[in-house]
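Q: Sequence:
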Amino acid sequence: MPHFISLMRLTQRGLDELQHSPERGRISKERVEKLGGRSLSLYATMGADDFVQVFEMPDEARMMQYVLTARRDGHVDPLILPAFDTDKWSGIVNALNLRK
Numbered sequence: 121m122p123h124f125i126s127l128m129r130l131t132q133r134g135l136d137e138l139q140h141s142p143e144r145g146r147i148s149k150e151r152v153e154k155l156g157g158r159s160l161s162l163y164a165t166m167g168a169d170d171f172v173q174v175f176e177m178p179d180e181a182r183m184m185q186y187v188l189t190a191r192r193d194g195h196v197d198p199l200i201l202p203a204f205d206t207d208k209w210s211g212i213v214n215a216l217n218l219r220k
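The sequence shown finishes on residue 220 if you use the working numbering, and the numbering steps up by one all the way, no holes.
Calculated directly from the structure, the hints in this document are not laboratory data. Since the model is a prediction, treat every value here as computed from it, not as a measurement. Heads up, the beta-carbon is just placed ideally off N, CA and C, and yes, glycines get one too. Please note: incorrect hints may appear among the correct ones.
[Claimed, not checked] Beta-carbon label-pair distances, calculated as ranges:
id	residue 1	residue 2	range
1	Glu153	Asn214	31 to 37 Å
2	Tyr163	Asp207	38 to 44 Å
3	Arg192	Ala215	21 to 27 Å
4	Leu201	Lys154	19 to 25 Å
5	Ala203	Ala168	15 to 21 Å
6	Arg151	Asn217	39 to 45 Å
7	Leu216	Ile147	37 to 43 Å
8	Leu201	Glu153	32 to 38 Å
9	Asp207	Thr131	43 to 49 Å
Let the hints inform the model, and build the full structure from the sequences given.
A: Right under this line is the structure:
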């Protein structure tokens with residue numbers, strides 16, 4: 121199943137309603153599961169992004185459904201990155217035929 125990483129920044133609404141953030145994390149996990157995916161991890165971070173979440177989703181369309189729902193809620197502004205494990209990455213690189 122494809123993996124995705126979400127880098128999220130709290131919006132002003134998310135900051136104003138910060139006390140509800142743990143509940144929103146639970147809601148996020150349930151939404152992912154309803155779309156056939158799994159939330160593998162969720163971290164609060166320091167720096168440019170407030171949260172990092174790692175997902176397994178069946179496909180890009182369902183990931184987009186999740187992102188649009190999260191954006192519509194208005195608590196976070198996510199940046200979604202497709203992610204490749206090292207085996208898949210090795211296969212991609214090997215397929216390039218880079219041997220000299």
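Q: Please go over all the hints and tell whether each is borne out by the structure.
A: Status of the hints after comparison with the structure:
1. Glu153 / Asn214: 31 to 37 Å: Once the Cβ atoms are compared, 34 Å apart, the range 31 to 37 Å for asparagine 214 and glutamate 153 holds.
2. Tyr163 / Asp207: 38 to 44 Å: The hinted range 38 to 44 Å is violated for tyrosine 163 and aspartate 207, with Cβ atoms some 24 Å apart.
3. Arg192 / Ala215: 21 to 27 Å: Once the Cβ atoms are compared, 38 Å apart, the range 21 to 27 Å for alanine 215 and arginine 192 is violated.
4. Leu201 / Lys154: 19 to 25 Å: holds, 22 Å
5. Ala203 / Ala168: 15 to 21 Å: About 18 Å separates the Cβ atoms of alanine 203 and alanine 168, which means 15 to 21 Å holds.
6. Arg151 / Asn217: 39 to 45 Å: Given range 39 to 45 Å: holds, Cβ gap about 41 Å.
7. Leu216 / Ile147: 37 to 43 Å: holds, 41 Å
8. Leu201 / Glu153: 32 to 38 Å: Because 21 Å falls outside the window, the suggested range is violated.
9. Asp207 / Thr131: 43 to 49 Å: violated, 36 Å
The structure is inconsistent with the numbered hints 2, 3, 8, 9, although it conforms to all the rest.
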